[in-house]
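Residue numbers (our numbering), protein chains in the order written: chain A, -8 to 421; chain B, -8 to 421.
Keep in mind that the hints were calculated from the coordinates and are not lab data. Among the hints, erroneous ones may be present.
Since the list can't tell identical chains apart, any single copy or any two copies may satisfy a pair.
[Said to hold, decoys possible] No more than 30 Å apart at the CA atoms, straight line, and that leaves these computed lysine-lysine pairs for DSS-like:
1. 280 x 224
2. 155 x 278
3. 1 x 45
4. 297 x 223
5. 1 x 155
6. 148 x 369
7. 327 x 392
8. 389 x 70
9. 280 x 353
10. 205 x 46
11. 45 x 327
12. 408 x 389
13. 254 x 280
14. 1 x 156
15. 148 x 297
16. 328 x 70
17. 45 x 396
18. 396 x 1
19. 254 x 396
20. 376 x 1
21. 392 x 280
22. 352 x 1
23. 224 x 353
Number of protein chains: 2
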Amino acid sequence: MPAPTSEIIKFKRDGLELSKIQISELIEGYTSGNVTDYQMSAFLMAVFFRGMTKKETFFLTQAMLHSGLVIDLSSLEGKKIDKHSTGGVGDKTSLIIGPIVAAAGIIVPMISGRGLGHTGGTLDKLESIPGFSTQLSVVQFKEQLSRLGLSFIGQTKEICPSDKKMYALRDVTGTVECIPLICASIMSKKLAEDIDGLVLDIKVGSGAFMKTIKEARTLAKALAEIARAANKKVTALITDMNQPLGRTIGNSIEVEECLDILKNRGPKDLRDLSIELSAQMILLGGKAKNIATARNVAEEILTSGKALRLFEEVIVAQGGRLPLPKAQRTYAVVSKKSGFVSSIQTETMGLASLLLGAGRKKTEDTVDPTAGITLHYKIGDAIKKGNAVATLHFNGEKPLKEVEKMILGAIEIRLQKPRTPRLILERVGR
Amino acid sequence: MPAPTSEIIKFKRDGLELSKIQISELIEGYTSGNVTDYQMSAFLMAVFFRGMTKKETFFLTQAMLHSGLVIDLSSLEGKKIDKHSTGGVGDKTSLIIGPIVAAAGIIVPMISGRGLGHTGGTLDKLESIPGFSTQLSVVQFKEQLSRLGLSFIGQTKEICPSDKKMYALRDVTGTVECIPLICASIMSKKLAEDIDGLVLDIKVGSGAFMKTIKEARTLAKALAEIARAANKKVTALITDMNQPLGRTIGNSIEVEECLDILKNRGPKDLRDLSIELSAQMILLGGKAKNIATARNVAEEILTSGKALRLFEEVIVAQGGRLPLPKAQRTYAVVSKKSGFVSSIQTETMGLASLLLGAGRKKTEDTVDPTAGITLHYKIGDAIKKGNAVATLHFNGEKPLKEVEKMILGAIEIRLQKPRTPRLILERVGR
Chain A
-8 MPAPTSEIIK FKRDGLELSK IQISELIEGY TSGNVTDYQM SAFLMAVFFR
42 GMTKKETFFL TQAMLHSGLV IDLSSLEGKK IDKHSTGGVG DKTSLIIGPI
92 VAAAGIIVPM ISGRGLGHTG GTLDKLESIP GFSTQLSVVQ FKEQLSRLGL
142 SFIGQTKEIC PSDKKMYALR DVTGTVECIP LICASIMSKK LAEDIDGLVL
192 DIKVGSGAFM KTIKEARTLA KALAEIARAA NKKVTALITD MNQPLGRTIG
242 NSIEVEECLD ILKNRGPKDL RDLSIELSAQ MILLGGKAKN IATARNVAEE
292 ILTSGKALRL FEEVIVAQGG RLPLPKAQRT YAVVSKKSGF VSSIQTETMG
342 LASLLLGAGR KKTEDTVDPT AGITLHYKIG DAIKKGNAVA TLHFNGEKPL
392 KEVEKMILGA IEIRLQKPRT PRLILERVGR
Chain B
-8 MPAPTSEIIK FKRDGLELSK IQISELIEGY TSGNVTDYQM SAFLMAVFFR
42 GMTKKETFFL TQAMLHSGLV IDLSSLEGKK IDKHSTGGVG DKTSLIIGPI
92 VAAAGIIVPM ISGRGLGHTG GTLDKLESIP GFSTQLSVVQ FKEQLSRLGL
142 SFIGQTKEIC PSDKKMYALR DVTGTVECIP LICASIMSKK LAEDIDGLVL
192 DIKVGSGAFM KTIKEARTLA KALAEIARAA NKKVTALITD MNQPLGRTIG
242 NSIEVEECLD ILKNRGPKDL RDLSIELSAQ MILLGGKAKN IATARNVAEE
292 ILTSGKALRL FEEVIVAQGG RLPLPKAQRT YAVVSKKSGF VSSIQTETMG
342 LASLLLGAGR KKTEDTVDPT AGITLHYKIG DAIKKGNAVA TLHFNGEKPL
392 KEVEKMILGA IEIRLQKPRT PRLILERVGR
């Protein structure tokens, strides 16, 4: 007879290590509805206080993974490598990395999420391309992967249903900020993609979930441990999110910026990070014998336009067509000071973009594909009073004065030139 | 605009002290259904880990108290004093104390609960008296208090509805064992009785919820603090529950034992504790100027038969009639050893009685009024192999072999005579 759920809760509450069977019972019960929301939320809060051992976190990940469909890509030849970012403002690398790595001969099965709060989501960005569909069936997804090596889809109902239920519950019960729960949520979905390896982009800074390098390192290590326990190759980069990545925050304007990069234009930070993440994936996928070679492979694919052509093929394959739409109105936010941009409250920039319609406060909100912010200066740049620090893109009536105030308040201008922040801070694992 | 519930949960989770307003919002919301079970269970688990300050515990008690009806006894002349026991096996003192203290001229408004698990409940015991009703209206309750000074009723739906919901939730979410939650649950119901003072009987030992004197002391102090904050007089006794109180465990057999005490017969431990608790109530009620006098008052009322007559009047007033029913079958459990009874696993004795039908595993179970166990020996008594250590009272088919095994396993017999355990261990407060 299985132990009652209350015994499993007490076990965790009292700091004992749960067995694989106890964790499976709990997650299976929750998925099927036999374990109630109120028991799960008490359990999650106990985990918040007691944490989980490596073993427990791995068992939780496995149980969540097996609560739904696990995609089988074994029929496809070649290594399958994906990237996961913990999310930030202006973080659009998937749209550049996917084409580069696929063009290197690696299968990139990208199952992405939507944006929430100050962070954007890959699905919203892609769907700003007119006609682009992320609602492929698993069969269509595999067919496209076999043909192009790259396919973008959204989380389906069949994949990790327990994660969907648990995340919604965590959101309203104060149990989001908990490393083992974050890890199991991320890794269960990634393992469902049937990948051979994973590159993690752990964001740290004012626009990221992790505010300190120490927290980021803890998360990176915990994620890497699960990947290794699941026999997946893994590399984690800890990267800076103390300013938006690139110059755009929104959806169609971010896609435009990615196209710029693929055309050998666009901001250096976005290009550099995309090359580095691509190189790590190419290395994991066995298409280069060391990281220097892998970087060269990525550079060559980008510079030659191969990645651009592959991305254009993916757009066509998924029903999309260029050019991208533009917002009907723009507004220039003008600097009231001269000096150097010394810091940017990045989360505030994300929230300002949300107020223009580019994001969602609640899961059920809709997103304006063309709204957003173009930033004209980055940390370390000199700016003069009267210059446009940012351009707002929007439709209809929007709280422009409020957004302007937020942006001006978020960008600190000082007389002294600051040190240019490092983009890639650390590499963890492999 | 009130703060969302998730913010209140996070506040407690992060170890901050909740305000009176936050606690009221939470409890009002939970009572009305605006706060969900899953949010409340996450909150309760956070309280389990973070505890509550004295202030928070008092605000929680008040909020739970005001979630329902507060009885108004101000029209009745005289002090209103009640007793609360944390529960044990064979704990039947209410039926003796109520009549003694009421006969001393104090109003005793006894609102009691039902038994659950290994512990019995006053309501179940009283309802084993044929015809006895504990379902009085508040008007009938007050009328009887004014006429006899004593009335027994059950918890009504109107009193502390939030406690009922919270207790049911705690039971299945591993949040029962938590001092501030236990205190608020007990005290909200006691404060709803509109009493002037309260005597607490905190049980400690193998048959009690509190297993160590330290835990018992912590609970006693926490309860006394709430009573004082609510301007109620309070005395707490910490008393032994390392063996059943008296010799009977069940319902009608426990009532019979109480009648024995009221007739100046019956076991010494039950008589001594009843006198002491009565004396403490008489002292709080201002009917004696010191505890020695109060003990004399209680002794005189018991010895003279006044308490017996008052109890008989209460039985008649509440529709009951004697004699008590008896079980159809009995079975003697015979000792396989000679020596001295040196310890009794008291909780096991309660569970054995439950298997005979005297208790309930779940709230909705019914109770056999006549079933139970009579213990023929107490700790320190000499016993011979072949003597009946206990008599089982039951009806129909019962797992007699299992019960016999439990009882023999629960009673430790050694060659050396043990020290007789002290009954009243400590007094806390006033």
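Exercise for review: If the cutoff is 30 Å on CA atoms, where do residue 155 and residue 278 land: within, between, both or neither? Let me know, please.
Suggested key: Neither: 35 Å inside a copy, 64 Å across copies.
Exercise for review: Give the relationship of residue 376 and residue 1 under a CA distance limit of 30 Å: within one copy only, between copies only, both, or neither.
Suggested key: neither (61 Å within a copy, 42 Å between copies)
Review point. Given identical chains, is residue 389 near residue 70, meaning Cα to Cα at most 30 Å, within a copy, between copies, both, or neither?
Key: The answer is neither: 47 Å in one copy and 66 Å across copies each exceed 30 Å.
Review point. How would you label the pair residue 297, residue 223 (within, between, both, or neither) given a Cα cut-off of 30 Å?
Key: within (28 Å within a copy, 82 Å between copies)
Review point. What label fits residue 280 with residue 224 when the C-alpha limit is 30 Å: within, between, both, or neither?
Key: within (15 Å within a copy, 81 Å between copies)
Exercise for review: Using 30 Å as the alpha carbon limit, work out where residue 254 and residue 396 are close: within a copy, between copies, both or neither.
Suggested key: neither (34 Å within a copy, 84 Å between copies)
Review point. When no copy is specified for residue 224 and residue 353, does a C-alpha distance of 30 Å or less occur within a copy, between copies, both, or neither?
Key: neither (35 Å within a copy, 51 Å between copies)
Point to revise | Within, between, both or neither: residue 1, residue 155 at alpha-carbon 30 Å | key: both (24 Å within a copy, 21 Å between copies)
Check your understanding: Are the CA atoms of residue 327 and residue 392 at most 30 Å apart within a copy, between copies, both, or neither?
Key -> within (14 Å within a copy, 90 Å between copies)
Point to revise | Intra- versus inter-copy proximity for residue 280 and residue 254 (alpha-carbon distance at most 30 Å) | key: within (27 Å within a copy, 96 Å between copies)
Practice item. Indicate which option fits the pair residue 392, residue 280 if close means a Cα-Cα distance not exceeding 30 Å: within, between, both or neither. Key: neither (53 Å within a copy, 74 Å between copies)
Practice item. Measure nothing new, just compare the shortest in-copy and cross-copy C-alpha distances for residue 148 and residue 369 to 30 Å and report within, between, both or neither. Key: neither (40 Å within a copy, 63 Å between copies)
Of the numbered hints listed earlier, those contradicted by the structure are 2, 6, 8, 9, 11, 12, 15, 16, 17, 19, 20, 21 and 23.
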